[in-house]
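Participant: Please model the complete structure; the sequences and the hints are all you need to start from.
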Amino acid sequence: MTTSKYSYYVENRTLEVTERPRKFLEAFAAVLEHGSYGIALDAYARMCSRCARCASSCQLYDTTEAARDIPIHRSELLLRVYRRYFTQGGLAKARLFGGFELSDEYLDLMAEEYYRCTACRRCTRYCPLGIDHGLITHLARWLLAEVGVIPKALVVSVREQLEGVGNTSAIPVAALKDTCEFLEEELEEQTGLDIKFPFDVEGAEYIFFPAVSDYLLEADTLMGNAAVMHVTGGSWTIGTGNFDGINYGLFYSDRMMERIVANLVAEARRINAKKILIGECGHATRSAWFIPTFAGQDSPPVVHCIQYAAQMLREGKLPLKKGKIEGRVTYHDPCNIARSGRIVEEPREILRAICEEYVDMTPNRADNYCCGGGSGTVSIDELREFRTHEAGKLKAEQIRATGANMVVAPCANCKKQLREVCEDNGLESVQITGLHDLLLKVIDFGTSASSGENAEDAKGAPEVTTEAEAKGE
Amino acid sequence: MESWLAWARGPLFWAALAFLLLGLARHVFVVGWEVVRITRRAGDGRVPYRRLAKVTLAWLFPFGKLRNRALLGVTSLVFHIAIILVPLFLAGHIALWQRGLGLSWPAIPNALADVLAIVAVVGAALLVLQRAIAKDTRAVGRFQDYSLPLFIALPFAAGFLVMHPEWNPFPYELTLLVHVLSANVLLILIPVTKLSHAVLMPGSQLITEVAWHWPASAGSKVGITLGKEGEPV
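Protein sequence lines correspond, in order, to chains A and B. So in this note's numbering, spot 112 of the first sequence is number 112, and the numbers just go up one at a time. Just add 473 to the spot in the second sequence (first one is 1) and you have this note's numbering.
Be careful, since some hints might not be right.
[What the hints assert, rightly or not] Below are the DSS-like pairs computed for lysine-lysine, each with C-alpha atoms no more than 25 Å apart in a straight line:
id, chain 1, residue 1, chain 2, residue 2
1, B, 701, A, 23
2, B, 701, A, 152
3, B, 667, A, 93
[To be verified] Simulated DEER-style distance windows between Cβ atoms:
id, chain 1, residue 1, chain 2, residue 2, range
4, B, 690, A, 112, 27 to 33 Å
5, A, 182, B, 534, 32 to 38 Å
6, B, 704, A, 366, 34 to 40 Å
7, B, 702, A, 275, 29 to 35 Å
Honestly, the hints are just simulated from the structure, not real lab data. We put the beta carbon where it would ideally sit given N, CA and C, even for glycine.
Facilitator: So, in structure tokens, the structure goes:
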């Protein structure tokens, strides 16, 4: 079912699509008509002055120094098509002098290039003209998807979510409930409390959408979420109709994105939940921020679980043990929540409160480097070499420079990518974790089973001892 | 020569100026129209104008943005200041406006104008030089990225020589003709080349923002247009 015509696997049906240039242009025309991209394409195609500040802000170009990895070089691939086929000047020029024609080879080139950009949008912050190369990548990938070019890893997940079991990890409801029961038992063992993962609670204040893969891979993060909701008395629920915040539509198709967001809102309305609570997942958060776009301004507001936890901490509703997380801890800002500056201070407030030594990476917050696996590339295993050695190399150096033995990354994708970045760049001793994983360890549950309670010696969380310390480094 | 000069300073200048103003007005109108149309039909039409204004101002006066590529940044900033100030605030130019339309505004001292004209010419040369030297700018540079700065330098160089006949090896009238002609061509080039950023740049943050504000059913409408509404994923 797969082929390796590109650096990533695609489905065989990709190769069966005929007349791709014509179909690409038809899709382009339809998107220009119904979407809002035209205004940006028109301005970008006109005014970019090729100052290449985008290049000097791009972590990929910094590593590869290849012309293909200069953001405007890549964006120009699509702008050229736009100019040629969708502007009066371009059409007239083509009629008079001929020149550029969209071909199959050109589409293959775009298919390769637009999956080398993680759409982290760092360059946008450094462009004097505000050119958003992430937007161009976002759009180009959608147009490519309309002629069948989609990485298999992404399309298979979306198919499972929209037409299969109902979520990207294909977890049936029964299995989800089993998993949560198991996590509840774990929590009881750790805290002595009966902490619940509540299902289908009609009228709950929050309906919870984490990256569904967390149920399989990041149990500690979810236990942390449940623990925070428990001690703060939060009214929350998981909907059995839809419990997956992942939205790969953001990475390759607004058509899919719209359908996935609609399902999220439908579930919130079915449960009659007042707000949507997003778990530790960057792109799930950014997709959810598009809810008013797709479902209207009266749709339920979106709250990120870190915003909730920070608010509770400020209000004194999150009791903490005396013992703090040991070792030097740093924080990775996921692009999807930090680039716009929307969620940057809340995680730091929490980490400063719960860590013995917290240090920032440089640069940080809205200027932070991408993990190197953004925009879905982390799910494409065959791109690992590219992700960890080209896109993620600067990230590895950034982590190394902090001297931290623990990196907190509140994003399922970033966590997977950063683990691989550390593995492939000689940083095996660095531990990658979620923020709620740490909260679980420092919340004072007021029970004797809650380990480290009332610790006298500020070493209340021995289980957080890092691998580095375990190795005696 | 004199009739050429009269033509360049008269009808050609007015035509070039009209082309410039109409061209720039067209850009402003199209962007304004599009912003209104997009935000009206968007599923979420709320635009963070205050934040956008802050970012736009920070780039309009980019003194805090120079750390990334400091040399190129400073060259570019100084170059821009020079080429904006001199044409608009040279006493000789204002005198022409006064004579033609009775309009007048404060001028900069001629000595400062001299310095700025030299800055414009040297700045243009340095911009081109830096573009040719740095690997990334060279990789994305087009013909116009080299030719436009040099062409911009031309009216400034000629204008400087017009102001200083004692250093001018060329005939005065020829120099003046080159100055006026090249400036007129530049006015015409502004709206139709990347120089249009002169008027688009202050709206660029807004343009990028609204491009993410789609109509509620933009995706499904594209699907219907392409005949894919019932198609499996």
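Participant: Which of the numbered hints are not met once you compare them with the structure shown?
Facilitator: 5
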